[in-house]
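Using the sequences and the hints given, assemble the complete structure.
Residues 1 to 118, numbered by our numbering, are exactly what the sequence shown covers, in order.
Heads up, a few of these hints could be off.
[Unchecked claim] The following label-pair restraints were derived from C-beta to C-beta distances: (1) G95 / V57: 17 to 23 Å; (2) V18 / N51: 37 to 43 Å; (3) V16 / A40: 34 to 40 Å.
Keep in mind that the hints were calculated from the coordinates and are not lab data. All values reported here derive from a predicted model rather than from experimental measurement. Where a beta carbon is used, it is the ideal one built from N, C-alpha and C, also for glycine.
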Amino acid sequence: MLLLSLLAHRAVATVVLVIAVGLVGSYTNPALNSRFLAIAPKAPTLSVSGNISAFNVGITLGPWIGGLVLADGHGYPAVPAVGAAVATLALGLWGWDLVLQARQRSREQQGELIAARG
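Put into structure tokens, the structure is as follows:
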């Protein structure tokens with residue numbers, strides 16, 4: 001998205017990057033579904049429906065935020081720049097999730113050690 005913002009004035013680069021963004025986006029959904037299923041194996045339908053709901057919220061908010069950016073007088077290259085900022089926020093949240101998972105695994109391992117000594 002950041003490259004798209006920076007290279008928006010070049011037609012060939014824009015076409016290639018728009019296709020790349022579409023491909024990356026289409027590969028994201030199965031990976032996220034797998035993650036949701038791993039988190040909530042006893043409620044697979046509910047967990048996957050939460051993922052799809054989140055995608056629909058993104059599909060709704062993305063154009064709205066893009067419209068706000070354009071209405072504020074910024075040019076079209078600013079729209080993917082905002083998308084890159086949102087993606088950076090999402091990666092930060094993913095990193096936070098990884099940290100929380102590591103802490104949980106550590107607590108579980110400590111509990112197992114205590115129980116084994118018990």
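To see whether the hints hold, each was checked on the structure:
Take G95 and V57: their Cβ atoms lie about 21 Å apart, and the range 17 to 23 Å holds. With their beta carbons about 24 Å apart, V18 and N51 fall outside the hinted range of 37 to 43 Å. Checked against the given bound of 34 to 40 Å, the beta carbons of V16 and A40, roughly 37 Å apart, stay inside it.
Comparing the model with each earlier hint shows a violation of hint 2 alone; every other hint is respected.
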